[in-house]
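My request is simple: use the sequences and hints to build the entire structure.
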Amino acid sequence: MNDTNDTSQPIVIPKSRFSVVWLLPLIAVIIGVGMVYQQWQNKGVEIVIVFDNAKGLEAKKTKVKFRDVDIGTLQEINFSDDGFSIEAIIEIDKKMQSYLLSDSQFWVVRPRIGSAGITGFGTLLSGAYINIAPGKSESLSQRFVGLENPPISTPTSQGIKLKLISGGGKSLTVGNPVTYRGFEVGAVESVNFDIESRQVTYSIFIQAPYDGLITTNTYFWNSSGLSFAATTDGITIDLASIESLLSGGVRFDVPDDLMLGERITQSRDFKLYSSRASIKEDRVYEYIEYVILVDDTVGGLQAGAPVEYRGIRIGRVSKPYLGFYETNQIDSDETRIPVIIHLEPARLASNNEYDLPWFNEQFNKWIKSGLAARLETANYLTGTMKVSLDLGNEIQPEVEYFGKYTVIPSAQTGFASIVSKTDRLLSKLESLPLNELVQSTNTAISSANTAILSANDTVIATQSVLLSVEDTLKEASLTLQGMQPDSPVYLRLERNLAELERTMQMMQPFLQEIRQKPNSLIFSGSSPADIQPQGKGQQ
Amino acid sequence: MLKLLSLLLLTYLLLGCISNKTPRESFYYLLDAAPMKEHNSTAGASKELTKTYIKLSTVRVPDYLQQSNLVLKLDNHQIKIANYHFWAQDLSESIQRVLMRELNAASPGVIYTQQCVKCAELIVSIDHFYPTQSGDVVLSGTYTKVSVDKSQQQVRFLLNSRLEKGGYDEAVVVMRDLVSELALEMGTLKSSY
Chain S
-19 MNDTNDTSQP IVIPKSRFSV VWLLPLIAVI IGVGMVYQQW QNKGVEIVIV
31 FDNAKGLEAK KTKVKFRDVD IGTLQEINFS DDGFSIEAII EIDKKMQSYL
81 LSDSQFWVVR PRIGSAGITG FGTLLSGAYI NIAPGKSESL SQRFVGLENP
131 PISTPTSQGI KLKLISGGGK SLTVGNPVTY RGFEVGAVES VNFDIESRQV
181 TYSIFIQAPY DGLITTNTYF WNSSGLSFAA TTDGITIDLA SIESLLSGGV
231 RFDVPDDLML GERITQSRDF KLYSSRASIK EDRVYEYIEY VILVDDTVGG
281 LQAGAPVEYR GIRIGRVSKP YLGFYETNQI DSDETRIPVI IHLEPARLAS
331 NNEYDLPWFN EQFNKWIKSG LAARLETANY LTGTMKVSLD LGNEIQPEVE
381 YFGKYTVIPS AQTGFASIVS KTDRLLSKLE SLPLNELVQS TNTAISSANT
431 AILSANDTVI ATQSVLLSVE DTLKEASLTL QGMQPDSPVY LRLERNLAEL
481 ERTMQMMQPF LQEIRQKPNS LIFSGSSPAD IQPQGKGQQ
Chain F
2 MLKLLSLLLL TYLLLGCISN KTPRESFYYL LDAAPMKEHN STAGASKELT
52 KTYIKLSTVR VPDYLQQSNL VLKLDNHQIK IANYHFWAQD LSESIQRVLM
102 RELNAASPGV IYTQQCVKCA ELIVSIDHFY PTQSGDVVLS GTYTKVSVDK
152 SQQQVRFLLN SRLEKGGYDE AVVVMRDLVS ELALEMGTLK SSY
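One line per chain: the protein sequences are S and F, in this order.
Counting from 1, position 471 in the first sequence corresponds to residue 451 in this note's numbering; the numbering is continuous, with no gaps.
Numbering-wise, this note's numbering comes out as the position in the second sequence, counting from 1, plus 1.
Among these hints, one or two may not hold up.
Computed cross-link-like contacts, DSBU-like style, restricted to lysine-lysine with a CA-CA straight-line distance of at most 30 Å [claimed, not checked]:
1) S:LYS348 with S:LYS299
2) F:LYS74 with S:LYS516
3) S:LYS516 with F:LYS81
4) S:LYS497 with F:LYS74
5) S:LYS497 with F:LYS81
6) F:LYS166 with S:LYS516
None of these hints come from the bench; they were simulated from the model.
Here it is in structure tokens:
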């Protein structure tokens, strides 16, 4: 035994300062930090969209979709500072941050009934959602103004936007179709009423590739309603579509008498005509100005009234009367009313196959040959007037001018014309052989009287015949009643027929015998005795 | 000589005419030769209001029976029409009359009539009705009961009887009995109307 092996001394083992138990909270802290980091890492981008109202929106439920894929969720709905709108706070998936461009568009998809039919029908079950149309701006944004209606075109849509200034016709609404020869190529995007110009302007979008149809000579017109045209082939009904008829729409085309023109690539303004017919009537043509010095009244004559040559429209009235000052400047002694008209040769030609100087020269020749202008009633209901040109006036050696205007001589109009016509009528009446006419009329009346008396006799005779026919019919009716199935005559007849039938049947053997043995009528051998049924009791 | 020959020929011809035998006698038969008391529709009319009325339509008979001559079926599927035995009255009418009398007699609660309004109807159609050469009498066909609601029930019948002595005399009596038997059969189904 030695001292080192003495067991009385305790063995002291030094205790570790770090307990294993402390590992648990440490791991918990690491996991917690990791979760926080994960949460921070996955947190989306928060944006604010301002809407007019929160119809259909629900916090924590309403989704934001792009091409029907969820990319975010509505987190909160607050009122704006002024209280007139709402702010939807939305968390967008971090990966979709690149779509949050400053010109991106947002709108709420919910069931809508409009001119284009029922849209958003699927949201009846799934609930409304917010749709996004990414823009093409280079700057990002976190605050947007939401659209109240789905946009006709998005910033990335290919096509062209045009502005139409309405010249009348039925008003259009957003979404109304724009059609080219019946084919829908775009839609009305917005409607604005300019208070200063007092005109309605429509913004339309023509989608690619149909934007190539828009040229400098393109004319737009309101296609609402029906238009009828009577042609040699019958009545033609012009209708873009049932949708256009009910809700309105825009049509466009290049008039037949114009070249196609150059293609439009930038947005610009066009006039929206009230109808297709009004394009030909109202569009601006190149013109030559003339004046008509009218002796009579110009009441009912309005600017734009047609100027016609034997029913063919060749121009329009520019000014129903020249201003007093201007008239006085030209000729202070002039008492006639100067009416300024525009003759537009392009209405008679097509595709610029005309030459204004040539027409001017030609008109001057016609004026010398007796071309005269006359004011005529265009519409007896409204009393509007038009200018009618025709040859037939006196030939004049030179063309007259009134200031800078060439004068077209004025034919008699209004009261003067009526007096002249009345004079001619009275003189014709005077030359009529009235006495002979009255005498022959009397003769004709007396012969007609004779004819009528004769016709009266015929009618009376016809009446008696008709009465006789009526009596006959009554008797026939009674006779037929007697022949009804239940009548005694009918029953008797039926019995007689049955008897006849039986007799004929009975005659059959006799006839057969005659056929086989004709002499049996003389030498009638008696038939053999009938075969009798046998009795079984005898057997 | 020629005169003598002519006289002999004429005498021969006249002898031929007068030498004809006496014609055979014809016999006429009535199917309902033993009439029963006629049903009187006017008597006791108030009591009969509660009774059931059934219309018995005209009895349909085949073409070969639509004649006054009696017919006999030979053994070889042949019909022999009698030359000297006739029905005294139309066979269809006779059968209808016999049926109506027998049915009215057998059914106290029911009145069979030729005409009635909104009542059930009984339509009898005869296919075979004749004595056979071998001594049987056959009556077969169908009768159809048409209810007031126009529902129909058709029953096929085949009645046979035998002749003891034979001859048309007995055959007509047996035929009459078969019609009575048919009336009894139809009367047993009155409850189904």
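A quick look at each hint next to the structure:
1. S:LYS348 with S:LYS299: Judged against 30 Å, a Cα distance of about 24 Å means the pair holds.
2. F:LYS74 with S:LYS516: Given that 30 Å is the threshold and the Cα spacing comes to 15 Å, the pair holds.
3. S:LYS516 with F:LYS81: holds (19 Å)
4. S:LYS497 with F:LYS74: holds (26 Å)
5. S:LYS497 with F:LYS81: Holds, at about 20 Å.
6. F:LYS166 with S:LYS516: This hinted pair holds, its Cα atoms lying about 7 Å apart.
Comparing the model with each earlier hint shows no violations; every hint is respected.
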